[in-house]
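Chains as they are written, first to last, in the numbering used here: chain A, 265 to 663; chain B, 19 to 484; chain C, 161 to 540.
Just so you know, the hints here were simulated from the structure itself, not pulled from any lab data. Only a predicted model underlies this, so the values are computations on that prediction, with no experimental measurement involved. Treat the hints with caution; some may be incorrect.
What the hints assert, rightly or not - So the derived list for chain C, only partly shown, Cβ under 10 Å to chain A, looks like this:
#, residue
1, 415
2, 418
3, 419
4, 422
5, 423
6, 425
7, 461
8, 462
9, 463
Said to hold, decoys possible - Derived lysine-lysine pairs resembling DSBU-like cross-links, with alpha carbons at most 35 Å apart:
#, chain 1, residue 1, chain 2, residue 2
10, A, 291, B, 480
11, B, 50, B, 396
12, A, 619, A, 646
13, C, 393, C, 528
14, B, 480, C, 326
15, A, 291, C, 393
16, B, 321, C, 464
17, B, 396, C, 464
18, B, 480, C, 393
19, B, 227, B, 321
20, C, 401, B, 480
21, A, 560, A, 642
22, A, 291, C, 528
23, A, 642, A, 535
24, B, 334, A, 291
25, B, 231, B, 396
26, B, 50, B, 334
27, B, 50, B, 229
28, C, 401, B, 334
29, A, 642, A, 617
30, C, 464, B, 334
31, C, 326, B, 396
32, B, 334, B, 229
33, A, 617, A, 535
34, B, 231, B, 480
35, C, 393, B, 334
36, B, 480, C, 464
37, B, 229, B, 321
38, C, 401, A, 291
Beta carbons: idealized from backbone N, C-alpha and C, even for Gly.
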Amino acid sequence: MSSTEPPHRSRFRASFADPEQLLGAVKHLRAAGHRVLDTYTPFPVHGMDEAMGLRPSRLPRACLAFAALGLAIAGGFQIWSSAIDYPLRTGGKPLLAIPAFIPVAFELTVLLAGLGVVASFFVAARMRPRLRVPDLHPGANDDQFILAAELGADIQFPAVARELMGLGATESSLLLDDRFQRGDSFWDRPAGIGALLLACLPAFLLLVSVPFLNRDFQKRNLAWDGGMGAPLSAQAYDASGVLPGGQVLQSPPPGTLSRRSEAPLAFAPGKAEAERAGRELQNPHQPTQARFNRGKLVYERVCATCHGREGDNNGSLIVARGAFAPTVLVSPVVRDMPDGRLFHIATFGGPTKMKGYGDLLSREDRWQVVLYIRELQKAAAKPAAVPAPAPATPTGAQP
Amino acid sequence: MAHDGEALTGIGVLAGEAERYGHNLPLIDGNKSYHQVTEEVFAPTERHPPLRWWLALAVTLSMLGLGVWAATQTLTRGIGTWGLNRTVGWAFDITNFVFWVGIGHAGTLISAILFLFRQRWRTSINRAAEAMTLFAVMCAGTFPIIHMGRPWLAFWATPYPNSRGSLWVNFKSPLLWDVVAISTYFIISLTFWYIGLLPDLATQRDRAKTKLKRTILSIFSLGWNGSNRTWSRYETVYMLLAGLSTPLVVSVHTIVSMDFATSVIPGWHATIFPPYFVVGAVFSGFAMVLTLMIIARAVMGLKEYITTRHLEAMTKVVLATGMIVGMAYATEFFTAWYSGNPYERYVFLNRALGPYQWAYWTMVGCNVLSPQFFWFRKVRTTPWMIFILTIFVNIGMWFERFVIIVTSLHRDYLPSSWAMYRPTFIEVAILIGSFGLFFTLFLVFTRVLPMIAASEVKGVLKNVEH
Amino acid sequence: MSETFTVPARDLTKTGIPTLADIGDRLRGGAWVFVLLGALLLGLGLVLQAERGWGNLLLTAFNLACVGLGGLFLLAIQSITGARWSDPILKAHRAMPALLPVAGVLMLLLAFGAPVLYPWARPDAASQHLLHGRLGWLNPPFFFGRVVLIFAAWIWAGRRLTQQGKGAAPFILVFGLTFSLANFDWLMSLEPVWSSTILAIYGFSGMFLQGIAIVTISAIVLRRVGLLPAVSKAQNHDLGKLLFAFSCFWAYIFLSQFLLIWYANIPEETGPMRLLLQGRWMPLFYLNLLLNFGLPFVLLLQRKAKTSETVLLATCAILLAGRWLDLYLQIMPPVLRGLGPVFGPAELGGILLQLGLGHLACWPVFMKDANPAQELPQAE
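Kindly produce the complete structure, drawing on both the sequences and the hints.
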C-alpha cells in the first residue's frame, strides 16, 4: 500500500505489442533497480514468473489438503452410516464393504479437491465479484502487454521512458490516478475475510449438529414423507382412467373358481366318511330332463373313459390297456349305495384307484352325474322286454 | 526455461527437423494479430444473431417442446406410458442416459487430458467442447430423474439426516455411485469451464457497450485484469483441475458401466466394461465434437481457427478408439465362447441372430466399419465426409447401449420370463427432446459466450516455443 | 528446475566411445553367471516341485516377452503420435525387442511341462465335464502352434518397426489381437473355469508400466555412463509423468477386475480371488497393490520427484519387483492348487534368468544401433 511506504515513489506503466518485448523490458527494469509491481497480459507469458521473481504457488499443497479432507469425509461417512449408525445388510455384502466404498470416496475426494483449490485460488488472488475493477489497464485483455513498475531510487521517469521506447514500448506514462492502487476495500483485508468466514460459521454449525438433533424416534420430526401417510388408494366403485372397463372394480379372469359360493363339505376322504356321506347327504336336485342331459354330458366327458358309456366298463380305456378294472357302476353293489356315497366318491375318489373330481367339477355337476348314473343303473336293470325282431342284419353289436 | 513446458509432441530437442515434420505450421491460419483474434472471436456475441440462427433455434425449441410434453405425460400419467415391462425394465431411458454421459466425456478429454499432453491444437475447440460436456451432462441427468416412478422424491437419493431412523442411502449400490459421480462431474466440469472463461469474460466486459452487460460481466469476471500474479496462480489451478478432471472423467463412465457390470446378468457382467465404456465414450464424444465443430466453423466463419488439421487430429482419435471398441466386441464374443457358459454364449448368439439383430448389425456397421474410412487422409481432411461418418458413429454408439441393455434383459436365465420390448412414441419423443435441449443450449451458448478460448488461442498464435 | 544433473554423465570424448568389448566384458560375465545360476536353480526347482518349476518358467518366458513387446509398443506409439520428446532414448526402446526370440524359445520349452501347468493338457482332460467343448481350442498341438505364430508375428512386425521404422499402425493392430490371445491362452487357461474379459488389458497395463520403467532405468543409467548423451531433464520429467499415470492406470484396471468379481460374487469367477485373500497369499495380495500403485503414487506425486533420478530409479526398481509379484499372483495360485506361496530356488532362478537374459539379449543390439537419436518418420 502506497500510503504506508515512507518515500513515495512514482509508479509508471509501459505497453508493448509483443510478449517477448515485455519480457525483455521486465528483465531490464529489474536489473536497473526498478521494482516491477506486476504485468498485465491477455495470456500468460512464459518465463514471466521467473523474470518477475515470483515464487511458485502453494496451491498444489492446498489441493492435496482438500483431497485428503475429501477422502477422510467420504470414507468416514460411508463407514459410519453403513456399519455403525444404521447397519443394513444389502446385497449380501459385508457391512464394511470397503471395495464398494471406493467409487464414492474417490469422487468426493476429487470434488472437494477441485472446489477447495478453486476457492483457495479466489482467496489468494483476491478475486470476487467487483463492479469496479482495480488496476485495469487499457488493452490488457485484448492485445497489449503492459507492465507497472515503481521507479527506483534517484531515477527520473523521462530517462526510463526513453529506455522503454528503445525496448519497443508503444506507450509509457506515469500512473498518477488513485484508481491504479491495489484494491483497498474492507473485503480484501484480513478483517473482511474473517467476517465472511464468521458469517458461514452458524450455517456450518447447524449442518454439523443436525444428526444430533432429536435422536428420540418416538418424537416426530418435521419431515415430508412424500404423501406416504395418506396414500391414494382407489375406492371400489370409482371410475378409473387406466384400468380396462374404466372402473376400479374388475371381474376376475375367466376360469377363476369361486371360493365362497357354498359352505365347504363337512366330509373327509375315506371309506368311513363315504358311508357317512351316504347316510347324511341327499341329492338336493330334482331329476329333470335338463339335469339329466347335463349329467349325461359330464358323465360322457369325464367318467366314461374309465367306466364305459353305459357304466358297465364296456369301452373303458383303462380296461383296454389292461391297467385294472374300475368298479362297474351298474352292478348291484353300486346300485345299493346311497346317492350321498356316490357323491362322496365322485368328490374325493374311490377306495382304491379312483381320484377325486372335487376340484374339477362343481357340486351341482357331481350331483347331476349321480342322477345320470341312477338312470344308467335303471336301464341296465330292466329286463330285455323289447321283443327282439328277427335280426335282418347280423351285426352282433350290442344295443 | 527452454525445456519447462516442453510439448510432449511437436517440438523436439532437435531443431531444424521440425520443418520436415510440419511442426512449425501455424495452428491458426490467416496470420492474425491478437486484436484480430479478439474481434473475430467476440463478434458473434456482440452482433445480433442472423436469421439462420433463429430458424435453427426454432427447430431445436420445437424438439425441446416435444420432449417437455412427453416428459410431462410421463410424470403425470406414470411409467406405464413407456413400453417397459417386468422383463425389460430399462430400455430407452438408460440408453439415453449412458449415451449423453458418454458424449460429455470428449469435452473433458479435450480440455484436461490434451492439456496435460501439451497438445496446443486443443485451444481452438476446448471452450466449445467443455460447453458441450456441460450440456450433455445436463441432458443425461434428466433421465435418471424422469425414469423414477416418483421423481418428486428424488432427494431421497441424497444422504440427509431424516426421521426414519436416519435411514441413509445405500453406498454399496452402483446407482448411488452414479448420483455422486454425475453430480461431481457436472460441478467440476462447470468449475473448470468457468475458470477457463474468466479471462474471456474480462475481455467481454472491457468491450461491453451497455451498462447492463458490463455489470453482469463485472460480477462474473471477478475483477480479472490480466495481472501476472493472478495468471501465475491461474495456470497452477488450471493444471490442477486438469489433473483432477482426467481421473474424474475416467471414473464417471467407469461407475456408469458398473450399473451393468456389477450385476450377474450374462452380457452385462463383464470385467471389461469399465475401460470399454470409457473408450466408447471418448469415441462417441469426439464424433459429436466433430459434428458440431464442422457445422459451427462453416456457419460462424471460424475455419481459420478450427482448421482441417484440427479436424484431422480428432478423426485420428475417433479411428483409434473405434478400433479399440471393435477389439472389445471381439474379446467379449471370444470370452463368451471360451467360458463354456451356455447363458453367456446364448446372449451373444441372440444379439447377432435374435429378434434384435437389426440393432446389433447397425451397431457393428456404424462402430466398426465407418471409422475405417478414416484410414484415408482424403477422408480425414474433408469436412463433409467427416460430418457424415461421425453421425454414423453416434448412431452406432446409441445402438450399442441399446443392444447391451435390451438384448441382455429381454432374454436372460429364465426362458419363461423372456419378453420383447417396443418403444412407445413418448419415449422416442423424450429422446428427440433431449437433442432439442442439447442443441438449444449450444445455440444460445454460441451467441452469449465466446465459442473459442480467445486468450488460449492468443497464447499459441505465434506457435513459437519460448 | 535446474538444468544440471546431480550425477554428471561421463565425458566419452575423453575416453572414446566404448565398443561392445570394453564395457560388455565385465557385465557379460556377470550376466552369464546369472543365466547359468538361474537355469540351475530353476532346474532344481523343477526337480523339487514340478508345479513351481514350470510355473516360474512360464512367468519368466511371459515377462521377457512383455519386456520385448513393451519396447515395441512404445516405439509404435511414439511413431503414431509424432512424439519427439523421447528421441534421445529411442535406442533403448529398439534394444528391448531382442528378447522376443529368447522368450519364444522358453515358451516352447513349456511344451514339456504343459500337463503340469494346464488342466486341459492332462491325459484325463477329455473326461472333465468343464473342459469339454473347448478341447478343440485348448489342446497342446494347437496351443503351441499358436505360440509359434504369435511369436512369429511379433518378431516380424517388430523387426520391421525397429529396423525400418515403418509399420507402427499395423503393429498395433497385430499386437492388439495377438497379445489378447496370448493372455487368454497362456494365463487364463491355467484355470479353465475362470474367465475375465479384461485380462488382456490388465496384462497390457502391467506390460506397459514395466516397459516405461525399464526405459527409465536405461535412460538414467546409460546417460550416466555416457552412452546416451542427449538425455536431459525433460526426458526424465516426461518419463516420471508416464510412470505416475500408468501406475494409476494399472490400479484402475486392477480395481475394475477385482471390484466387479467381488461384487457379483459368482463362484465361477471368485475362485482365484478368494484364494488370494486367504492365508499366506493375503499379504502378497496387498504387497502387490503397494508395489505397483501405492508406493509409486506417493513417491511420484510431487513435481520435484519426477525429475530426481534417485527417486525415479527407486520407483522403477519397486515397479519391476511389483511386476514380478503381479505375474506370480496370476500364475501360481491355480498352478499350486492350494499350496501356499514360497520363495525358493524356482522363483529365484526365474528372476536371475530374466535379469541375465535381459542383458545378454539387449546389450549387443543396443551397441550395434548406429544412430544415437534416430527418429522415426511420422505415421501417415
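35 Å limit on alpha-carbon distance, applied to hinted pair residue 231 of chain B and residue 396 of chain B: 45 Å, violated
Between the alpha carbons of residue 291 of chain A and residue 528 of chain C, is the straight-line distance 35 Å or under? Distance ~48 Å between residue 291 of chain A and residue 528 of chain C Cα, so the pair is violated.
Does the closest beta carbon of chain A sit nearer than 10 Å to the beta carbon of residue 419 of chain C? 5 Å, holds
Given the hinted pair residue 321 of chain B and residue 464 of chain C, is their Cα-Cα distance within 35 Å? 41 Å, violated
Once the shortest beta carbon distance from residue 415 of chain C to chain A is found, is it less than 10 Å? 7 Å, holds
Given the hinted pair residue 642 of chain A and residue 535 of chain A, is their alpha-carbon gap at most 35 Å? 25 Å, holds
Could you grab the alpha-carbon distance between residue 334 of chain B and residue 229 of chain B and see if it respects the 35 Å cut-off? 46 Å, violated
Pair hint outcome, residue 642 of chain A versus residue 617 of chain A [Cα-Cα no greater than 35 Å]: Judged against 35 Å, a Cα distance of about 26 Å means the pair holds.
Was the hint right that residue 422 of chain C lines chain A, CB cutoff 10 Å? 5 Å, holds
Hold the hint about residue 423 of chain C up to the distance rule: shortest CB distance to chain A must be less than 10 Å. 7 Å, holds
CA of residue 480 of chain B to CA of residue 326 of chain C, is that 35 Å or under? 32 Å, holds
Are the Cα positions of residue 393 of chain C and residue 528 of chain C separated by 35 Å at most? It holds: about 26 Å lies between the C-alpha atoms, which stays within 35 Å.
Hints 16, 17, 22, 24, 25 and 32 from the list above are not met by this structure, while the remaining hints are.
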